[in-house]
Structures are given as structure tokens and as C-alpha cells.
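Q: The residues making up each chain are set out below.
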Amino acid sequence: MSSGADGSDGPRGDVRGAVPEKETTYVHGDALGAGPGTTQATRTKVGKGRREGGERAMVPREKPTSYYGRPVIKPPVWTWEIPTYFFTGGLGGASATFALAADLAGNRELARRSWLIALAGLAVSPLLLTSDLGKPLRFLNMLRVFKVTSPMSVGSWTLTLAGAATAPAAASALLGRELPGARAARFAAGALGLPVATYTAVLVSNTAVPVWSEARWELPLSFAASAAASAGAAAALATPVEHAAPARRLAIGGALIESAVTEIMEKRLGELGEPYGEGVSGKLTTAAKALTVAGAALMAAGARRSRPVVAVGAAALLAGSVCERWAVFKAGFASAKDPRYTVGPQRERADSR
Amino acid sequence: MNGHVVSTPAWPSTYDGEAKPRMGFFTDTSVCIGCKACEVACKEWNEVPEEPLGFTGESYDNSGDLGANRWRHVAFIEQRILVNGVSESAPDSWVQEAARQQLAEHGLDAHEDDSGFRWLMSSDVCKHCTEAGCLDVCPTGSLFRTEFGTVVVQEDICNGCGYCVVACPFGVLDQREDDGRVWKCTLCYDRLLDDMEPACAKACPTDSIQFGPLDELLGRAAEREAALRARGHTEARLYGHDKGDGVGGFGAFFLLLDEPEVYGLPPDPVVTTRHLGANWMAAGAAAVALAAGVAASFMGGRR
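Listed in order, the protein sequences are those of chains S and Y. Residue numbering for the first sequence follows the working numbering, starting at 1 and increasing by one per position. Residue numbering for the second sequence follows the working numbering, starting at 1 and increasing by one per position.
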């Protein structure tokens, strides 16, 4: 299917009568000029996508749907720290919950390592988030208010509390002796790990970016599954095979659910989901799927017999989780930059009223 | 429409007796002449940094869009209009014939010349939404609702997290690169406090940009729309006047002569917060699923 991004939607009737398609010659020194090179004549394909057929000039043209092909919404200003944080936050959060479960199940080897993984993930996360700020020294302003309407506010508080609870839990696990309040801290960290691993999906779905906001039902489960896969994989990588069975099961289960949910999300998004099949986000999606499926297969094959095979599988799952977060992140940029995705569904909605 | 008060979630209730009438803009694009005095006046008054100038190749538009350093932006659209049912994709001779016919029937008032060409100009600005997504998602409380019902960024609090940038359905807010913070139209909050009208409205030579109490503007806009329609401009329509829309109505609304998307405006914007409940519900379900998955991974012993 020819891309509408260059304004060529196929036949549009009498060429002589058509508005001349002029080249976009944007030389203004602005990064946003890098949008799709379209003219006012760009029409939407997203939505019902009424197409002109045949050679008859009297077939009405579709309405222009953009202003020189410029985006209607702004692309995110977020940089590499954010998708990296989606991974580390997911890893840390799910690991805290997993570590608590390991403790309760009496699997000390697994619990000890998982608490340390949780601490690592939750310690590096605030640093990444602070580094992404336009004014990093003002990071404490995040804790100035608490707003339930702002997933970022809820997340900042949750992450702060989860980190604070995980520190004594991990310290106790590392030292091998119970620090004061460690038991309460473990339960708090294990519980807070769940929202830490899932709220990031709300962070992106609660935006005007179509590929994120329209995936509001799938993204949280996708992120949770990706977090589970990475937490299981990291624990399996760090723990002797005879103690790591639950970690392998979590990793494989997470990987399978993540793959399934991602498929469902792409299907349901329809044309809005095109960024998952194109460009950088498309490549990342392919890599994420391949790594996730291969990683799950290797972990299942290795099981108790071969630690190296499990290790390779775990590494593949971790890489798959990273790619998945980056795919979602990059898809958001592609979705925001093409006005078709913003205007198409809105026009359809407005017309149906 | 006159007389009804358009309130917002945080206004006037949170201001007790200190709330002022909700102030806003009515931008009547049918009288915009594209002089860009508003862009310049805004930059001058608000000390908005200059941007490198150049040619966009997009009619007379040399500033592109709204952003951290453009709080007013004048759009220029050159288009062929549909005359007497003839599509703009029809052969030129048909368009010209239809234009001549329209000229005979309606006189010069109905169009600019006999080539079926028209030029749309429109000064875009922050909409100061009744339900403002930027304000809702701001994690620091930097964005707030003023006593005039407008939405303003407090620059001494903004830490440049960038959430409002992706929450705005209009692409109004952006981060200033050398500064890291997010900037947008303040509806000249400082001038309002001194009973002065915003710089853009003050500078507008045709009163395309009208400033005043929102109720009053809504009434005036309805009259203007009706008058234009009575004169045969059936394409005239108000945009952002309806408090039943996806953002609860704009504080700065427009009279347009074509579909909003032609001007680069979203045809049916919806504030992200409308879906917040669903979003959190989905996350809650995912969190429960994660807990169940973790618990399940310990079932079946230590194989």
C-alpha cells in the first residue's frame, strides 16, 4: 500500500484539474520541520479512508486533513532515559514482588538475589528520570504535590516509596540478617512493585499520542508481562538452576503473555498501529518478538539441565524486554508526527455525530 | 448563549470570592488579514526568544506552528473552493465556469476572484481549555488555573518533565531547548492583572482577535456566525465554543471557514483525563495479573 505520507494516495481523477502537488521546501531551522513531506492536499487513510476511484473528475476530493502535513500534536520531548526507565522500573518493580514471593515460599537463594535485582532496578530508575528532566535540579518538585490525574505524579511517589522500602529489604538480604523493620519493608516493597511495574503504561496511554492512548487496555498488561519476563530472566541468570525454577516459570509465562498481548494490541489498533510495522519502531518490534520467543524457548529447553542455555535464554528475554519498551516509545514518536493518525479517527468521530 | 457561566473544574470554586470573570479570546478568522502583528506583539511583550527566520514554502507562513517560542501563530492556507457543487479536482475550465456563475448569482461578496481561489488566514493560540489536559498531568503543580479561568505555566516551578507536551491535544506546549522548561501562552496573565487586554488582541488591527469575558465573546461569536451564514458563507463555523465537546469548551475559541484540520487543528479533541479511569483500571487489572503470575510461578514445587 502506498504511503499517504508523501501525499500520493493513488489515482485522484483528472490530473490536469487537481491542485498541483508542490514540493515541501521547509528550510526553517526547526526540528519539527522533519515531519512527513506533505502538502495541504494530504488526505487521511486512517479511519474509513474514502478513496477516489476511476478517471472521473467529478468525484469529490476528500477534504484536506492537515496543514502542510504538519503534526497536530507535538512529539514527546522525552529522551533515551524514559524507555530505559520503563525497563529498569519494570524489572525492579516485578523483582520486588517476586522477591517477596520467594521469601514467603522459603526460597532464600532466589529471594536474596531478587531483592538485589529489585534494588538495582529501583535505584537506577530515579536517576534516569532525573536525567531526562529539562531542569534536573528541580527533581524534588515532583514531590511538591500529589495528583491522581497525573500518572507521573502518582508514579513519582510510588517509585520513591518502593525504592525506600526495597533498600532495607535488600540490605537485610545482602547482610543475611534481619534489619529492624525489614519484614514490613519487604511487604511494602513487594506490594509497591506491582504499581511500579504497571503505571508506566498509564503514563503513556494518558496522552494525546494515538498509538499510546488507543492502546490503553493492552499496554498495562503488556508492560506487566514484559516486567515479569525481565524479572524472571534476571533472577534465573543470577541463581543456580536448582533454585531458579520459579524464576524460569515467571520468565517464560511473562514472555508468552507479552507476545500475545502485543499481537492483540497491534491487531486492535489497526491502522493506528502501523508504526509497529514500520521504521525504527517496526524493527524494534520485530527484534522484541524474536528475542522474547527465542528466549522463552531456550529457557524452557535449558531448564535444570544446562545453565549456559538458560543464561543465553535469559539474556535474550532481557534484551527482548528492552526492545519492547523502545518499540512502544519510538512508535509514539511516529504516531505523533503523522497528522493522519491524529485527525483520521477524530474526523470519523465528528462525522458520525 | 449570553449570560451562562462556563466554569472549569478548578474555577471559580477554588478561588472563593476572588475569582474574576472567565476571560478568553474569540479569534474570528474571517477578518484575519495575516499581518502577524499578534505574533510580533506577543513576542515583544512576553520576551519570547526569536527563532531563526526562513522560508517554509508554505504560503506566507514563516513560523510553522505553536511552540515554546511561538504563542501566537498565523496560518496561511491557499485553496480552491467548491463552487456550485464543482469539486476543486474538476478541470480548471469547469471551476472557472462555476466561479463565474457564482459571481453572477452572489456578487463579489461570495469569493475573492473568479478563479475559485481563496486564502484562509488564522491566528492560532493556546485554547485555555475548560478541561485542560496539560494542567491535569502536570506532576509539579507548575501549571495552574488562574483567577481568570486561564491556564498558566509557573516558570519557577516547571522542571521540564515534558508530560504536558504530549498531553495537549493541540500541540501547543513545547520545551524550550536551551532552557529545559515548557512555555506557552499565558493569555498575558500579567496584563490581565492590570486590567489590560493581552498584547495580541491589542495589536490586532482588524479585531480578528477579540478579548473579553468568555460569556460575552460566545454571544458575540454566535451573532457573527449567524451574520456570515445569512450572507451566504455557509462554511462559517465556530470551533471550541461548545462546552459539550471533548475538552469542555475552549477559553480561546475560533470562527473558521473550513474544517479545523485544514488549519492544523484537531477536529474532535478529547482531554486525556476523560480516559483516566479506564487507564488506571487497566493498570490495576495488570497489577493483579502480575501478582497472580508471580504467585503461580511458585506453584508446583522446586522442579
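Do not take every clue at face value.
The calculated SDA-like cross-link candidates involving lysine to any residue, where the alpha carbons are at most 25 Å apart (straight line), are [stated by the list, open to error]:
1. Y/K20 x Y/F144
2. S/K147 x Y/S13
3. S/K147 x Y/M281
4. S/K330 x S/A300
5. S/K147 x Y/F144
6. Y/K202 x Y/D190
7. S/K147 x Y/V288
8. S/K289 x Y/D190
9. S/K135 x Y/A278
10. S/K289 x S/K147
11. Y/K243 x Y/L53
12. Y/K43 x Y/P213
13. S/K135 x Y/P9
14. S/K147 x Y/K43
15. S/K147 x Y/E18
16. Y/K20 x Y/S30
17. S/K147 x Y/T273
18. S/K267 x Y/L192
19. Y/K43 x Y/E18
20. S/K147 x Y/E225
21. S/K147 x Y/P213
22. Y/K202 x Y/D268
23. Y/K43 x Y/M196
24. Y/K202 x Y/A19
25. S/K147 x Y/A285
Just so you know, these hints were derived from the structure itself, not from any lab.
Q: Give a verdict on every hint.
A: Outcome of the hint check:
no.	hint	result
1	Y/K20 x Y/F144	15 Å, holds
2	S/K147 x Y/S13	18 Å, holds
3	S/K147 x Y/M281	17 Å, holds
4	S/K330 x S/A300	31 Å, violated
5	S/K147 x Y/F144	13 Å, holds
6	Y/K202 x Y/D190	14 Å, holds
7	S/K147 x Y/V288	23 Å, holds
8	S/K289 x Y/D190	53 Å, violated
9	S/K135 x Y/A278	32 Å, violated
10	S/K289 x S/K147	36 Å, violated
11	Y/K243 x Y/L53	38 Å, violated
12	Y/K43 x Y/P213	24 Å, holds
13	S/K135 x Y/P9	29 Å, violated
14	S/K147 x Y/K43	33 Å, violated
15	S/K147 x Y/E18	24 Å, holds
16	Y/K20 x Y/S30	30 Å, violated
17	S/K147 x Y/T273	12 Å, holds
18	S/K267 x Y/L192	50 Å, violated
19	Y/K43 x Y/E18	30 Å, violated
20	S/K147 x Y/E225	40 Å, violated
21	S/K147 x Y/P213	30 Å, violated
22	Y/K202 x Y/D268	30 Å, violated
23	Y/K43 x Y/M196	17 Å, holds
24	Y/K202 x Y/A19	24 Å, holds
25	S/K147 x Y/A285	21 Å, holds
In the structure shown, a violation is registered for the earlier hints numbered 4, 8, 9, 10, 11, 13, 14, 16, 18, 19, 20, 21, 22, in ascending order.
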